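Take a look at the letters that make up each chain.
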Amino acid sequence: MNWFERVREAIRKEEPLAVATVVRGPEAWLGAKWVVEPTGDGWGSVHPELDRRVQELAQRYLAIGHSGTVSLPTPEGEVEVYIETYVPAPLLIIVGGTHIGIALAAIAKVLGWRVYLVDPRRTFATPERFPHVDRLIHAWPDEVLPHLITARTAVAVLTHDPKLDDPAVIAALQSPAFYVGALGSRKTNARRLERLRRKGIPEETLARLHAPIGLNIGARTPEEIALSIMAEIVAEQSRLRQAARATVPEEVRP
Amino acid sequence: MREVLEAIERWKGRGEQVALATVVKVIGSAPRDVGAKMAVSSGGEMAGSVSGGCVEGAVFEIAQEVLRTGRPRLVRFGISDEMAWDVGLACGGTIEVFVEPLP
Chain A
1 MNWFERVREA
11 IRKEEPLAVA
21 TVVRGPEAWL
31 GAKWVVEPTG
41 DGWGSVHPEL
51 DRRVQELAQR
61 YLAIGHSGTV
71 SLPTPEGEVE
81 VYIETYVPAP
91 LLIIVGGTHI
101 GIALAAIAKV
111 LGWRVYLVDP
121 RRTFATPERF
131 PHVDRLIHAW
141 PDEVLPHLIT
151 ARTAVAVLTH
161 DPKLDDPAVI
171 AALQSPAFYV
181 GALGSRKTNA
191 RRLERLRRKG
201 IPEETLARLH
211 APIGLNIGAR
221 TPEEIALSIM
231 AEIVAEQSRL
241 RQAARATVPE
251 EVRP
Chain B
1001 MREVLEAIER
1011 WKGRGEQVAL
1021 ATVVKVIGSA
1031 PRDVGAKMAV
1041 SSGGEMAGSV
1051 SGGCVEGAVF
1061 EIAQEVLRTG
1071 RPRLVRFGIS
1081 DEMAWDVGLA
1091 CGGTIEVFVE
1101 PLP
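Quick note, the sequences are listed as chains A and B, same order.
The opening position of the first sequence corresponds to residue 1 in our numbering, with each subsequent residue numbered one higher.
The opening position of the second sequence corresponds to residue 1001 in our numbering, with each subsequent residue numbered one higher.
So here's chain A without its partners, still in its complex pose:
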C-alpha cells in the first residue's frame, strides 16, 4: 500500500492519520513521505536524517488535529516539511426529530459533519423527514449516547419534552462531548437545571450545558434557530482548537 492508498483508506474508515511531505530542500528529498499511524508507528521514504523528528512532530500534530509546515535543520541545510493530519469528520448527535432538527441536520451536512438523530418516537425520526442524516437511531437517548459520544462529538438536545430531554442532557454532560446544548427558554432552562440538581448532578457538570441553546442572533424560524445552534457549535470548536494549539511549543506550532 502506498501513502495515497493509506490516506484513502483512513478517510473511508474514519481513522486518524498524519502524512508528512518534504516540500522544500534538496531536490532528491522533495516529495518524500512519512506516514504516521494512530498507533504511533511510522513508515515511508523521508531521509533517515529526518524520520525520527518528523515522526515526533506528526504525532504531536495528530493529537490536536492540526496541519502545517515546519523548518528542520539538517546537514544538507534547512528542510521544510508539511505535516497534514487527517481526522475523522466531527459528529453531531441531534436528540429529537423536530423541525429545528431537520434544518440543523441539513446545515451540519453542508459543513461536512456526520449527523446522527436519536429519537425513540418513530413518527418523528423518519428517513423522509431526515434524508440527510447518517444514522437514524430509534432508542432512548440515555441508552445509546454513552456508546456514541467521543471528544469530537457535539450533542444538541431538541425534544422539548423533559422525559426525553433530561436523560439525554445528563448522559451528554457526563460524556466527553465537547459541546452539549439544550433547547428551551430561560424559564424552561431554569426549571430543567432545578430538576437536574435534584437528581444530584453537580454544578460544575451543569455549567457545561449551553442553554438556552445557540448564539443570540435574534433567530425566530426553526431554520434560523438551527443556524444559531450550528454557529455556537462551530464557535466552541474553534475555541478548543485555539486552546489545543497553544499547548504546542511555539517553534513547531502549526
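Keep in mind the hints are simulated off the structure, nothing from the lab.
Everything numeric in this text was worked out from a predicted model, so none of it was measured.
Among the clues, some could well be false.
[Unchecked claim] On the chain A side, residues computed to face chain B include the following (Cβ under 10 Å):
1) Asn2
2) Val7
3) Arg12
4) Val22
5) Gly31
6) His66
7) Ser67
8) Glu84
9) Ala89
[Claimed, not checked] Per label pair, the in silico range of CB-to-CB distance:
10) B:Ile1027 <-> A:Asp134: 30 to 40 Å
11) B:Gly1057 <-> A:Ala89: 24 to 34 Å
12) A:Thr126 <-> B:Arg1014: 36 to 46 Å
13) B:Arg1032 <-> A:Glu14: 22 to 32 Å
14) A:Leu240 <-> B:Gly1013: 38 to 48 Å
15) A:Asp134 <-> B:Glu1009: 14 to 24 Å
16) A:Glu5 <-> B:Glu1061: 23 to 33 Å
17) B:Gly1028 <-> A:Thr205: 34 to 44 Å
18) A:Gln242 <-> B:Gly1028: 12 to 22 Å
19) A:Ser45 <-> B:Ile1027: 23 to 33 Å
20) B:Glu1061 <-> A:Ala63: 35 to 45 Å
21) B:Glu1061 <-> A:Thr126: 43 to 53 Å
22) A:Glu27 <-> B:Ser1029: 30 to 40 Å
C-beta: ideal position from N, C-alpha, C; glycine also.
Guided by the hints, dock chain B onto chain A, whose structure is given.
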C-alpha cells in the same frame, strides 16, 4: 482531501495520471486554509480549489508540468510574487502550494 477523492478515483479508474496541489503555508489572509486541495488529471480535468479562484489556472498549468516531468514543485503565490499581476491573490495574502504526482 475528501472533496477531491471522488474525482481522483474516477480519473484513476480511467487509467489517467493525477497531480495533487496542496496549500502548505498561508501568510496573511487567504481564501482557503492550509490543507486545501486541488486535483488535476492528465486528461485535463480539475477538482477542488486552493484559493478563491485566483490561482487555480496557474496551478493547473504547473500540475500538467509536474505530470510530464514526474517532479514535485513548491510554488508561492501572492502580492510579493513577480506573478502578482497575473495571479495575485485579491485579499493580499501569500500562499505556498505544493504540487506532486500521485502514486
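Structure-based check of each hint:
1. For Asn2 (chain A), the shortest C-beta to C-beta distance to chain B is roughly 4 Å, which falls under 10 Å, so the interface hint holds.
2. Residue-level restraint check for Val7 (chain A) holds (minimum Cβ-Cβ distance to chain B is 6 Å; threshold 10 Å).
3. Evaluation of the Arg12 (chain A) hint against chain B yields a held restraint, the C-beta minimum of about 9 Å falling below 10 Å.
4. At its closest, the beta carbon of Val22 (chain A) sits 9 Å from a beta carbon of chain B; the interface hint therefore holds under the 10 Å criterion.
5. Evaluation of the Gly31 (chain A) hint against chain B yields a held restraint, the C-beta minimum of about 4 Å falling below 10 Å.
6. Residue-level restraint check for His66 (chain A) holds (minimum Cβ-Cβ distance to chain B is 9 Å; threshold 10 Å).
7. A least Cβ separation of about 5 Å between Ser67 (chain A) and chain B falls short of the 10 Å threshold, and the interface hint therefore holds.
8. Hint status for Glu84 (chain A) relative to chain B: holds, with the closest Cβ pair at about 6 Å, below 10 Å.
9. Because the beta carbon of Ala89 (chain A) sits about 8 Å from the nearest beta carbon in chain B, less than 10 Å, this interface hint is met.
10. Checked against the hint of 30 to 40 Å, the pair Ile1027 (chain B) and Asp134 (chain A) passes, with Cβ atoms roughly 37 Å apart.
11. Here the CB-CB span from Gly1057 (chain B) to Ala89 (chain A) is close to 30 Å, well matched to the stated 24 to 34 Å.
12. The beta-carbon spacing between Thr126 (chain A) and Arg1014 (chain B), approximately 39 Å, falls within the hinted interval of 36 to 46 Å.
13. A hinted range of 22 to 32 Å for the beta carbons of Arg1032 (chain B) and Glu14 (chain A) is consistent with their spacing of about 23 Å.
14. In this structure, Leu240 (chain A) and Gly1013 (chain B) meet the distance hint of 38 to 48 Å, their C-beta atoms being roughly 39 Å apart.
15. For Asp134 (chain A) paired with Glu1009 (chain B), a C-beta distance near 21 Å keeps the hint of 14 to 24 Å intact.
16. Our hint of 23 to 33 Å for Glu5 (chain A) and Glu1061 (chain B) holds, since their Cβ atoms are close to 28 Å apart.
17. Checked against the hint of 34 to 44 Å, the pair Gly1028 (chain B) and Thr205 (chain A) passes, with Cβ atoms roughly 42 Å apart.
18. Range check, Gln242 (chain A) to Gly1028 (chain B): Cβ separation about 19 Å, and the 12 to 22 Å hint holds.
19. Taking the beta carbon of each, Ser45 (chain A) and Ile1027 (chain B) are about 29 Å apart, inside 23 to 33 Å as hinted.
20. The hint said 35 to 45 Å for the Cβ distance between Glu1061 (chain B) and Ala63 (chain A), and at roughly 38 Å that hint holds.
21. For the pair Glu1061 (chain B) and Thr126 (chain A), the beta carbons lie near 50 Å from each other, so the given range of 43 to 53 Å is met.
22. The given range of 30 to 40 Å is respected by Glu27 (chain A) and Ser1029 (chain B), whose C-beta atoms sit roughly 32 Å from each other.
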